[in-house]
Each structure stands twice: as C-alpha cells, then as structure tokens.
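Visitor: So you can see what is in the structure, the chains are spelled out below.
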Amino acid sequence: MKRLPILAAALPLAVLVGMAAAGEPQKTQKNVPDPVQVARGAKAWAENCGRCHNIRDPKEFNDEIWEVSVTHMRIRANLPGKMAEDIKAFLKASNN
Amino acid sequence: MLAVRPKLKPVGKSWMEDNMRKRNIIALASLLAGTILSGAVAGAQEAQGQEALLERIARLEQELAALKAELHENAARVQQSEEKVAEIPTLAERIDAIDARTQATETLVYNPPLPKARWHLAGYADASLIVSDAPEGPDSFSAGMFNPSFHFQYKDIVMFESELEFSFNSEGETDLELEYTQADILLGDNNVLVIGKYLSPVGQFQERLHPSWINKSVDAPAGFGHDGLQPASDVGVQLRGVLPFGDESRLTYVFAVGNGPRMNLEGGVELEGFTSDDNDNKSLGGRIGLLPVPWLEVGASLLTADVKGLEGTVAEPDTPEPTTADFTLWGADMAITRNGWDVRFEYLNARRGAIFSALPHEEEAGAEGIGLASAGHEETAPAGDTEVTFLPRLKMEAWYAQLAYKLSGITGARYVKNLEPVVRYGEFHINGNDELREENAEKRFNIGLNYWLAPSIVARVGVEWRNFAAEERETERRFQLQFAYGF
Numbered sequence: 001m002k003r004l005p006i007l008a009a010a011l012p013l014a015v016l017v018g019m020a021a022a023g024e025p026q027k028t029q030k031n032v033p034d035p036v037q038v039a040r041g042a043k044a045w046a047e048n049c050g051r052c053h054n055i056r057d058p059k060e061f062n063d064e065i066w067e068v069s070v071t072h073m074r075i076r077a078n079l080p081g082k083m084a085e086d087i088k089a090f091l092k093a094s095n096n
Numbered sequence: 001m002l003a004v005r006p007k008l009k010p011v012g013k014s015w016m017e018d019n020m021r022k023r024n025i026i027a028l029a030s031l032l033a034g035t036i037l038s039g040a041v042a043g044a045q046e047a048q049g050q051e052a053l054l055e056r057i058a059r060l061e062q063e064l065a066a067l068k069a070e071l072h073e074n075a076a077r078v079q080q081s082e083e084k085v086a087e088i089p090t091l092a093e094r095i096d097a098i099d100a101r102t103q104a105t106e107t108l109v110y111n112p113p114l115p116k117a118r119w120h121l122a123g124y125a126d127a128s129l130i131v132s133d134a135p136e137g138p139d140s141f142s143a144g145m146f147n148p149s150f151h152f153q154y155k156d157i158v159m160f161e162s163e164l165e166f167s168f169n170s171e172g173e174t175d176l177e178l179e180y181t182q183a184d185i186l187l188g189d190n191n192v193l194v195i196g197k198y199l200s201p202v203g204q205f206q207e208r209l210h211p212s213w214i215n216k217s218v219d220a221p222a223g224f225g226h227d228g229l230q231p232a233s234d235v236g237v238q239l240r241g242v243l244p245f246g247d248e249s250r251l252t253y254v255f256a257v258g259n260g261p262r263m264n265l266e267g268g269v270e271l272e273g274f275t276s277d278d279n280d281n282k283s284l285g286g287r288i289g290l291l292p293v294p295w296l297e298v299g300a301s302l303l304t305a306d307v308k309g310l311e312g313t314v315a316e317p318d319t320p321e322p323t324t325a326d327f328t329l330w331g332a333d334m335a336i337t338r339n340g341w342d343v344r345f346e347y348l349n350a351r352r353g354a355i356f357s358a359l360p361h362e363e364e365a366g367a368e369g370i371g372l373a374s375a376g377h378e379e380t381a382p383a384g385d386t387e388v389t390f391l392p393r394l395k396m397e398a399w400y401a402q403l404a405y406k407l408s409g410i411t412g413a414r415y416v417k418n419l420e421p422v423v424r425y426g427e428f429h430i431n432g433n434d435e436l437r438e439e440n441a442e443k444r445f446n447i448g449l450n451y452w453l454a455p456s457i458v459a460r461v462g463v464e465w466r467n468f469a470a471e472e473r474e475t476e477r478r479f480q481l482q483f484a485y486g487f
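Protein sequence lines, in the order shown, are assigned to chains R and E.
Residue numbering for the first sequence follows this note's numbering, beginning at 1 and increasing consecutively.
Residue numbering for the second sequence follows this note's numbering, beginning at 1 and increasing consecutively.
Bound conformation, chain R alone (with noise of 0.2 Å):
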C-alpha cells in the first residue's frame, strides 16, 4: 500500500486546516508592561517550564535572548502562542 499520496494530500490539507484555526500572534508592542499580561506569563512559566526541567532564573538571559529561547520552547513544549507572548513579557519585565 502506498501511503505517500494520501499524506502527500492529507498534510497540505492539514496545515491549511492549521492556519485556518490559527489566530494572529498576540504583540507585546504596548509601550509598558501590562501587569495582567506580566502576572499571566509569571504564572504560565512557573506552571509549563517546570514540566520538564529545572526553571532557570528569568534574569539568566537578555531580553533577545528569551525572544528565541521562548519561541524554542513554544514549538518543543506546545505552547500557545498566546501563552508564550505573556512568558516573554514576564521574563523581559523581570530583566527592568
């Protein structure tokens, strides 16, 4: 039996599925901090970083380096982005 075509139809249906579903990526463009945005990703990054291992001190890496590092973890943890947008929030807040 060959698979490839079935998948070969089935994964771009799949990803326009996706898309579909997906929302726009929540911005952290405001000019300060939201603090309900800031105590969500607090709450967000104690609850999901500890899944698997240790929770690193939010003040270990700069600002850019949280950007990549937490867009890392969103698509090896499975993240929300929404939920990913408050933990970059919260750890940039933590390095003012």
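In short, the hints are calculated from the structure, not lab data.
There are no misleading hints in this set.
Within a straight-line C-alpha distance of at most 30 Å, the following computed DSSO-like cross-link-like pairs (lysine-lysine) qualify:
1) E/155 x R/82
2) R/59 x E/417
3) R/82 x E/116
4) E/155 x R/43
5) E/406 x R/59
6) E/406 x R/43
Derived list of chain E stretches under chain R, where covered just means 3 residues or more per stretch with a C-beta under 8 Å from a C-beta of chain R:
7) 155–161
8) 176–189
Beta-carbon label-pair distances, calculated as ranges:
9) E/487 x R/96: 17 to 25 Å
10) R/96 x E/243: 32 to 40 Å
11) E/455 x R/39: 16 to 24 Å
12) R/39 x E/177: 40 to 48 Å
13) E/87 x R/59: 41 to 49 Å
14) R/59 x E/91: 35 to 43 Å
Every residue, glycine too, gets a C-beta built ideally from N, C-alpha and C.
Given chain R, work out where chain E should sit, using these hints.
Guide: Below, chain E without anything else, positioned relative to chain R:
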C-alpha cells in the same frame, strides 16, 4: 472805557448850551475814541490769541502724530506678543508632550526594538565517571557529550534550529553527529509546521528529557535513548500544535510523516532519521498529549511504517529474496510535576512482522556485536558476508517509572535545599530474536542524588543495577558520577 466828565461853571444859557454841546462832542469823541481804541486793543489781542492757538494746535498735532505712531508701534508689539503667546503650549499640552516623551523612553527601556533576525546558542554538555563491577565492565572517565544547539529566528515567521553532538568513541576518536536540523514555520498562534530532521515525537524522553542536564539520571532508561526502542529521530514533516480549552486545559498534538525506520544487520529495527526512504511507505505517527491541569500530562504515541529487508552478499541457489514487513510502535506516557515532585511513566510496545532480511553470514556472526546498541551509530553496510535469512515476528516492549523530589519543597536550608533524590526502574523486553534479547533486554534500577548548583547545572551521583535477560550475563552494578550543564 472811562468817560470824561466836564467841569461845570455857572454861566448863561447859551454858554451852557454851547458848553453842553461841547461836552457832548467830547463825550462822543471820547466814546468813539474809546470804542476805536478798545476795538484796536481787542483786535490786537484776538490776533495774538489766534497765533497762540495755531501754535498750540500745531503742537498738539505733532503730539497727536507722535502718539499715533507710538500707538501703532505698541499695537504691533501687542500683536507680536499675542502671536508669541499663542505659540506657547498650554500646560495640558506640555504635560501631554512630557507624557509622550516618557512613554517613548519607557518603550525603549521596557521593550527595546529587537532585530528582525535573532539567534541563540543553547545546548548542553556533560562529563562522567562510571565504575562498574562487571568483569568486562568499564571503569572510566568519560568526557561525555557537547551538544551545541543553534536557534535562528526571523520575526515570528520561522525558526531554524539545529543540534550537533560531539562525543568520543571508545578509541578516543571524536564523533560528530547532527542530532536534528529543522525549520519551524509558525502557523499563527497555535500551530507549527516542522520540516527536516526532527527528534521523534513518540513518547516524552527522546524529544524532551534526554539532554543530560534534564535527564534525572546519568543514563537513559533501558530501551530508551539512542540504543533503544524509542525512535530517536526521523526525516520528514511535522504538524504540531495545541488546542487550549477550559481555563487552563489543553490538548497537544504532533502529526508526523517521515522516511521511517530501516532494518539493521542485527535483525532489529533502526529508528534513526534517514535522509532517504528504502521503500514506498512513509512512516506515519505522532503523539497526542492531554493536560487537564498544567501539572498533569498524559500522552499516547504511535508510529507505523514498513521496513524493507536488507540485501545479502551471499547468493546461494536457494537464498530467498528480501521482503517487506510492517512495523508498528505505540506508547503511553504520564507525567506529574508539582510542588517539587517529578513523577513519570512511559511505556512503548513495538511489533515487526516476519521478514526475510540479511544477517551476518554464519561464519561472520559474532564478529560484530549484535544488538540495538549500535543502532544509529554504525554503518548499515555489512562488515562481512551477509545472507538473507527468515526472521520471525519481533516483539519489543520497554517501560520505566521515575520518581524525583526536590528538597526545596520542604526546606530552605542552605545546600540541603539543592538536593534531589531520584529513583527509577525500567524494563526492556525482546521476543523473537534471541541474540537481540540477550544483548539488550534487561531490567534496570537506578537510585541517585542530584545536587543543583544552579537551575541548569547539576552534579549527580548514582548507582545502577542492570539485570540482563541473558542468563550467562551477571548482574552489573555501576557507580556513576556526572556533571552536566544546560546553557
């Protein structure tokens, strides 16, 4: 004007009349003269007044002109002043301007502009000492591994990540492998399309827990890791994402299509990522994870594919042709991480159908180590003659349970709070290939103590008991020391 009254004398009537007439004439003359004189004086006085008046008027006109000029100049000044005043911002406007500058400053401070393209060097490294009581066991220092991981991100569109693994083999030579290299295309908020060589999403250990600074023990559970039943990687495409629901629940998913596994010369299945497929069937698999609450995760995994028998080098007249067999692997996992506790369980179950595939020729058998331990780290090309042989159905099963607890949950005492005791037990069973079973099947028990110098730096000690399925192999005990750093 004074009238001159004549002096009266006692004279006769004519005299008197005459005198009277004279007096009248004189009076009239006087009156006339007075009148004329007074008129002259008055005229003189009037002329003199007019001249003064004219002078005054002229002077007043001059003054008026000067005043008009001054007034005009003042009006111009007033207008200029009013214009300047109008240009001066109001207090509210000045406050608004200050606010705007303050916000702009805060923007730079709190949210500095990041470059569109950014990158991050992460990874981990470790060094170990293992002392074994087995007769042939190694007592050796190990430089361990150095695994730099590169993450390149362009905005919130795509990330490229790749991990290298530098290690030493038993001959002291440096081995370099590409653990994974993948492009992650962010599809909105909750989905990611992954293309390339990726860590297998089957189970938890390989994708998330295998880095030495994350792994709670020095080595992997029996049947897991590079040399085990759990797939290490695959080359293909993933669609992965998350479906949040409720207040804090979510469903995670990974659907993957890859080149799939291959047969190896030990009769096992090599579950590493290959850059080409040896048959027409792509592997299909993935994992579904459910997190009803953030600290509890249960997952189910699946990998299904076909494997193609290897060609042999010995062609006897009755040598059969290689065939193809199905390979199915499923798994379940669970993790509880709360209040310092780390409780995990993983289970894998695999079936490979009966197959004709090449094995080392009888005369060559034994020349090479037989076992899954070499999977992914050895060439699949035969070291000697190989012969296509019938291999019965192969069943493999691996599982482990792990319990770890950070003492920081019960004490804040210096040093003590950094300790984390760990207990782990696992089994790896193989049925259908005696040589594979004798080499790899075992029960493994670990106890250990981690000391966290920092959240990502650990020094650990451990003792490991290995009870092999092969009757001739004695139980081995290993003392382990390891230093690991995740950066």
